[in-house]
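Peer 1: The chain contents come next:
Number of protein chains: 2
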Amino acid sequence: MNLSQFRKHYEPLIENEMSEMIQSLAVPKSLKEAMNYSLQAGGKRIRPILLLAVLEEFGVRHPDALKVAAAIEMIHTYSLIHDDLPSMDDDDLRRGMPTNHVVYGEALAILAGDALLTYSFGVIARLEHVPSDDKVRLIDLMSVSSGAEGMVGGQVLDIEGEEKKLTLEELEKVHRLKTGALLTYSILAGAILAQAADEEIVALSRFGEHLGLAFQIRDDILDVTGTSEELGKTAGKDESSEKSTYPSLLTLPKAKEKLEFHATEALQAISELNGELSLLRELTELIVQRKN
Amino acid sequence: MNLSQFRKHYEPLIENEMSEMIQSLAVPKSLKEAMNYSLQAGGKRIRPILLLAVLEEFGVRHPDALKVAAAIEMIHTYSLIHDDLPSMDDDDLRRGMPTNHVVYGEALAILAGDALLTYSFGVIARLEHVPSDDKVRLIDLMSVSSGAEGMVGGQVLDIEGEEKKLTLEELEKVHRLKTGALLTYSILAGAILAQAADEEIVALSRFGEHLGLAFQIRDDILDVTGTSEELGKTAGKDESSEKSTYPSLLTLPKAKEKLEFHATEALQAISELNGELSLLRELTELIVQRKN
Numbered sequence: 080m081n082l083s084q085f086r087k088h089y090e091p092l093i094e095n096e097m098s099e100m101i102q103s104l105a106v107p108k109s110l111k112e113a114m115n116y117s118l119q120a121g122g123k124r125i126r127p128i129l130l131l132a133v134l135e136e137f138g139v140r141h142p143d144a145l146k147v148a149a150a151i152e153m154i155h156t157y158s159l160i161h162d163d164l165p166s167m168d169d170d171d172l173r174r175g176m177p178t179n180h181v182v183y184g185e186a187l188a189i190l191a192g193d194a195l196l197t198y199s200f201g202v203i204a205r206l207e208h209v210p211s212d213d214k215v216r217l218i219d220l221m222s223v224s225s226g227a228e229g230m231v232g233g234q235v236l237d238i239e240g241e242e243k244k245l246t247l248e249e250l251e252k253v254h255r256l257k258t259g260a261l262l263t264y265s266i267l268a269g270a271i272l273a274q275a276a277d278e279e280i281v282a283l284s285r286f287g288e289h290l291g292l293a294f295q296i297r298d299d300i301l302d303v304t305g306t307s308e309e310l311g312k313t314a315g316k317d318e319s320s321e322k323s324t325y326p327s328l329l330t331l332p333k334a335k336e337k338l339e340f341h342a343t344e345a346l347q348a349i350s351e352l353n354g355e356l357s358l359l360r361e362l363t364e365l366i367v368q369r370k371n
Numbered sequence: 080m081n082l083s084q085f086r087k088h089y090e091p092l093i094e095n096e097m098s099e100m101i102q103s104l105a106v107p108k109s110l111k112e113a114m115n116y117s118l119q120a121g122g123k124r125i126r127p128i129l130l131l132a133v134l135e136e137f138g139v140r141h142p143d144a145l146k147v148a149a150a151i152e153m154i155h156t157y158s159l160i161h162d163d164l165p166s167m168d169d170d171d172l173r174r175g176m177p178t179n180h181v182v183y184g185e186a187l188a189i190l191a192g193d194a195l196l197t198y199s200f201g202v203i204a205r206l207e208h209v210p211s212d213d214k215v216r217l218i219d220l221m222s223v224s225s226g227a228e229g230m231v232g233g234q235v236l237d238i239e240g241e242e243k244k245l246t247l248e249e250l251e252k253v254h255r256l257k258t259g260a261l262l263t264y265s266i267l268a269g270a271i272l273a274q275a276a277d278e279e280i281v282a283l284s285r286f287g288e289h290l291g292l293a294f295q296i297r298d299d300i301l302d303v304t305g306t307s308e309e310l311g312k313t314a315g316k317d318e319s320s321e322k323s324t325y326p327s328l329l330t331l332p333k334a335k336e337k338l339e340f341h342a343t344e345a346l347q348a349i350s351e352l353n354g355e356l357s358l359l360r361e362l363t364e365l366i367v368q369r370k371n
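Chain order of the listed sequences is A and B. Taking our numbering, the leading residue of the first sequence gets 80, the next gets one more, and so forth. Taking our numbering, the leading residue of the second sequence gets 80, the next gets one more, and so forth.
Hint data in this document are derived by calculation from the structure and do not stem from the laboratory. The C-beta atom is built at its ideal place from N, Cα and C for all residues, glycine as well. One or more hints might be untrue.
[To be verified] Listed next, with one range per pair, are the computed distances between beta-carbon atoms:
(1) A/Glu318 / B/Arg205: 41 to 49 Å
(2) B/Phe340 / A/Gln274: 29 to 37 Å
(3) B/Asp171 / A/Thr313: 53 to 61 Å
(4) B/Phe340 / A/Arg205: 33 to 41 Å
(5) B/Gln274 / A/His208: 25 to 33 Å
(6) B/Val181 / A/Gln84: 31 to 39 Å
(7) B/Val139 / A/Asp277: 54 to 62 Å
(8) B/Pro210 / A/Glu355: 34 to 42 Å
Let's have the full structure, built from the sequences with the hints guiding it.
Peer 2: Below, the structure written as structure tokens:
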């Protein structure tokens, strides 16, 4: 299966898994709707696909893989809901659709985010085919990569960075935390489910870090070169808000070089792993070339 | 040790534990401050004290007890930070101090709440003296009691209830979820750490449910009878906003009867447990009689 077939196969399964999870909850109707709305609002599902691709490369069909993939996508989705709030990035549009707070109001949007985050940890705790030691490891890493020392910390730095010109080092730190940490976690979670050896985990972790940076540099580049229609959100927003980005700090051609550098490093990191790794190679290519 | 001595002994230890946890984080300074501010803003520490009291009744000194107690207080604190936001209850004052968003702004307040919630799960995952099976159980229950089917769901119902007159049954459900679920969890977490037997857990669970209702009815009563100075927040807020409360649905004397009923049921639930249970009895008494 190539990446395109792989995604076509798994995306509906991921979305179905999330939908069934939310449907199974005994919760107020409005909350269920608000949680479900953002989960089903499309998106590239990069994180779940990364997890599933790692398992595929290890030749493992894990019965709980979709559940873990769904939990990670829920964390990603909660972060988008909160990031879009008026007091944060104040975005009305996400993937071409009204954002959660535009549809459900700020209070419910905040609570839907809180609920998705909280639920994700429970999903891992209740997996049926994963030993408790591995669940604990998954939860520990999930907490670190999505919390104050990871994604949430990155969002804080991102907001604070809007008010000043960042150095390239500072910008890279924002990206590592805000995007890289959860992307890397997706890869490591797949490796943990696949019972990967320590040296394989180290290699995949380096792969994830470079991939995360490549992903975010591509995001910065798209904000300059893409159209609002392609992106499903307002293009040129970084420039008009004078936000520090790779293109603004480095120039567009140098940013593209940096993107290539991290993509090459990502592939280098996994070059000694066994197997074809064609899915992970294609995913890296996709991230470098994506239009949205 | 009576309850007063017990609290005097443990409250600084709980606060110190939380402070050390936050200090140990490698996170942006502003985020660390915002997380710490609300954790150190006082409060009754009822949830951690309940957990520690259960362990004391079982005669267990658990080396990880303070960590679990701190994790629960962090979840409680995150919920207060988010509940106080302008788009939710819009409170400027909490325990006589400016609320988190008043000091740090809405964006950082939301993120500090997110970070505290996320961190709590990691604390449990990283406990050193708890078997993985028990950690998984603690995390599963923590997710359910604080999430969409527990505390967050209760907050949604509470907000939606402001726009209509609730039945007593509906009001009880709000209270069960919004306050009862995490209070009960505090008790069960103590029982799990104490390796309590299943029937003891069932008894403590019933104790927690009634105690949670008693706690919230007392809250409703205090809003009518207390002063803003005693409460550290605006008194009479429920009445002026025509919010459904036990006094408003039942009259004040009947609400007091209901409070007594649940306190009695709480004590009845644990009457067959071994030991003196003097701390749990005193805690029940405290909750019935508290002035803030």
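Peer 1: Identify every previously stated hint that the structure contradicts and give their numbers, smallest first.
Peer 2: 2, 3, 6 and 7
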